[in-house]
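*Asks:* Following the hints, complete the assembly by docking chain C onto the known chain S.
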Amino acid sequence: VQDFLNFTLTGIAVGFVYAAFALCLVLIFRATRIINFGQGAQAMFTTFIALDLIQRGVNYWLAFAAALVAGFIIGAVIERTIIRPVETGPEINAVIVTLGVFVFFVALASILFGNTLQSFPAAFSRSGLSPGGVQLTLRPLDLFNIAAVLIAMTALLVLFRFTTLGLQMRAAAFGQEVARLLGVRVGSMLTLGWALAGLFGSLAGLLVAGGELVFPGYMDFLIVFGFVAAVLGGLDSFPGAVVGGLIIGLTTTYMSAYRQPELVTLAVLVILLATLLLRPGGLFSSSVARKV
Amino acid sequence: VTTPSGPDPRQPEPTPADDGSSSGGVTTTPEVTGAPGPGAPAPGAEPRPFLQKTLVRHGLLHAGALLGIVLLLEAISPFRNAQLAQMAYFVPAVAGLTVLTGINGQISLGHGALMMVGAYTTAYTLENAEGTPFVVVLLLAILTTTIVGAVVGVAAARLHGPYLAGATLALAVGLPGIALKFEDALGGEQGLRVSPPRPTDGFESFYANIFGDLSNQKFIALVGWALAIAVLFLLSNLITSRVGRDWRAVRDDEVAAQLAGINIGRSRVLAFTVSAACAGVAGCMLAAVTRLAAPGSFTIVLSISLLAAIVIGGLGSLVGAILGSAMLVFLPQVVTDFGAGQGLNSSQAANIAPLVYGIVLVVVMLVAPFGLVGTIRRKYLERKARKMLEAFAAAQSQQQG
Chain S
3 VQDFLNFTLT GIAVGFVYAA FALCLVLIFR ATRIINFGQG AQAMFTTFIA LDLIQRGVNY
63 WLAFAAALVA GFIIGAVIER TIIRPVETGP EINAVIVTLG VFVFFVALAS ILFGNTLQSF
123 PAAFSRSGLS PGGVQLTLRP LDLFNIAAVL IAMTALLVLF RFTTLGLQMR AAAFGQEVAR
183 LLGVRVGSML TLGWALAGLF GSLAGLLVAG GELVFPGYMD FLIVFGFVAA VLGGLDSFPG
243 AVVGGLIIGL TTTYMSAYRQ PELVTLAVLV ILLATLLLRP GGLFSSSVAR KV
Chain C
41 VTTPSGPDPR QPEPTPADDG SSSGGVTTTP EVTGAPGPGA PAPGAEPRPF LQKTLVRHGL
101 LHAGALLGIV LLLEAISPFR NAQLAQMAYF VPAVAGLTVL TGINGQISLG HGALMMVGAY
161 TTAYTLENAE GTPFVVVLLL AILTTTIVGA VVGVAAARLH GPYLAGATLA LAVGLPGIAL
221 KFEDALGGEQ GLRVSPPRPT DGFESFYANI FGDLSNQKFI ALVGWALAIA VLFLLSNLIT
281 SRVGRDWRAV RDDEVAAQLA GINIGRSRVL AFTVSAACAG VAGCMLAAVT RLAAPGSFTI
341 VLSISLLAAI VIGGLGSLVG AILGSAMLVF LPQVVTDFGA GQGLNSSQAA NIAPLVYGIV
401 LVVVMLVAPF GLVGTIRRKY LERKARKMLE AFAAAQSQQQ G
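Residue numbers (the numbering used here), protein chains in the order written: chain S, 3 to 294; chain C, 41 to 441.
Extracted from the complex, chain S is given alone in its bound form (with noise of 0.2 Å):
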């Protein structure tokens, strides 16, 4: 019992860093009905830049920044340089691009970060607690990961109900020629979308590296989980993002401890499959039809 407490922790705190990450899928999705293949590689390649950054003496929590900032820009810059061309045309048009930008992130973090496995500084003890007696898994890091994705959520939360900008980008996303009517800027939306999509990744990938071995390669799961996190969810709903991400957390969680560690992303797919054939519009839809 006390096993399956502690794999049901964990698998809460892994499920929180899969749903930030599916929330920047969703942010993206919502605004620009793309889904970003790229996410988890730029989520990567703005990790490297923190640890190149704590490896030549820089103060953690002064990375930690750093890559989120970069995040918010290579998010901003992508959008307006590449994906603005074709959020228009084919769908499949945009999702090649995505994936060139994938591929790109991944070749260029292992020319100039090197390809090998190096281990990423945890902000907090790995040790697990142990409260009144009773030996967790849990550690204080998987307590920072929770408390950091909520703290970003909230954010998020506040964004878009109770400020204009978010009002703004809301309006963007639900009917561009409408907002446009209404004086706003579509397009800053669009970008400033993508930006915090691209930081919101970048949190996600920071708290996957935090206290693991990181390589180039080491995200290529989190857009799988991400992205079934997401269709979960519905792909266009926040809450749905986070349930998603929970889902697939303890998933994943029970998998490897239990049997089948190798298999996990198997099961994912299977999980996926599964909900676009049965509920294509998420967990959470209402009886409205959706092309998937």
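It is worth saying that the hints were derived from the structure and are not from the lab. Hints should not be assumed to be uniformly reliable.
Claimed, not checked - Only some residues are given here: those of chain S computed to face chain C with a beta carbon under 8 Å: (1) F39; (2) I94; (3) V97; (4) V99; (5) A181; (6) L183; (7) V230; (8) E264; (9) L268; (10) L278.
Stated by the list, open to error - Anything over 10 Å on all C-beta distances counts as not near chain C; from chain S, calculated: (11) Q4; (12) R82; (13) F107; (14) L152; (15) T165; (16) E179.
Model, not experiment: these values are computed from the prediction. Every residue, glycine too, gets a C-beta built ideally from N, C-alpha and C.
*Replies:* Just chain C now, kept in the frame of chain S:
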């Protein structure tokens, strides 16, 4: 692989088995596609002379190409032979993918994984049943890949665009896990060694009589190219046939295609299955050429490289597929040498090629979304259309004057 059907829909030629069972309501409607293939005859046209029949033309062209390859293999160095052998296993995979994506409009990031199925089937069969004739191994590899492809295809037929890309991406990232999971049978991270096929004595002496010594390397390249050309032959006939027109119709407008009596789901699954079979051939040859089936060869980067190859050639163009495959073989060598010259270490230099693929994918999509061959063909067609218009206008003004 299915029998290629002739270009003429009115002749009761053998149609592929999957299509034969259809209700008879499936009539060919070239109008749906807007641009029927070059082999499609106008309604009511006379039967073509023998030499102009698509099947005959394609057959002669491909036979000529094979002869050209044999002569080329003789003329070049062993190192270039090895590169040509490498190219031979890319061609079927890229051709299959370009047909799937360009003709039928389905994107797949799972073709690296499908190649893995073919390669592991080859390696596993050769390891556990030594002395199995290569033809049997090849057929087995095609069979298993086709089955996997059909299963994936059934799921894929309901998805499109980003959803399909995400699902096949999951397949590409997840499938190598199977090789790690069943370490005893599939060799884990190390993979399985493959003993490549050897020529029979009869063939060896036959070849020696005409061209001279047949090295093992040369033989593999020859087998690979024979298969690659066979695949190209079948595909080129398939895409100019009724099946190909159905695929294009489904790609261009699902509703119109459905109204014309095309079963969209079946058409999609068939396209994915045919494409998977091609990937099976590619995987089998990859195992034979590299003498190894290991999970490290089938990363997501392989799938994206295949995508880069079809994008640069032009979606749906078989000539483009050959050019794309050539890029996959020759570009890494050139840029890696360049990188090493700039003082990068070998693992850094090896990553310049994927870097270029990434740039290629983005730039081609932004600048020339029809790819190399597609853009040239478009320019040519535009010019032709303009000339015809001018001629028409001139004729009219003459009439009036």
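*Asks:* It remains to establish, for every hint, whether it holds in the given structure.
*Replies:* Verification of the hints:
no.: 1; hint: F39; in the structure: holds, 7 Å
no.: 2; hint: I94; in the structure: holds, 5 Å
no.: 3; hint: V97; in the structure: holds, 5 Å
no.: 4; hint: V99; in the structure: holds, 5 Å
no.: 5; hint: A181; in the structure: violated, 23 Å
no.: 6; hint: L183; in the structure: violated, 28 Å
no.: 7; hint: V230; in the structure: holds, 7 Å
no.: 8; hint: E264; in the structure: holds, 4 Å
no.: 9; hint: L268; in the structure: holds, 4 Å
no.: 10; hint: L278; in the structure: holds, 6 Å
no.: 11; hint: Q4; in the structure: holds, 27 Å
no.: 12; hint: R82; in the structure: holds, 13 Å
no.: 13; hint: F107; in the structure: violated, 8 Å
no.: 14; hint: L152; in the structure: holds, 26 Å
no.: 15; hint: T165; in the structure: holds, 29 Å
no.: 16; hint: E179; in the structure: holds, 22 Å
Checked against the numbered hints given earlier, this structure breaks hints 5, 6, 13; the rest are met.
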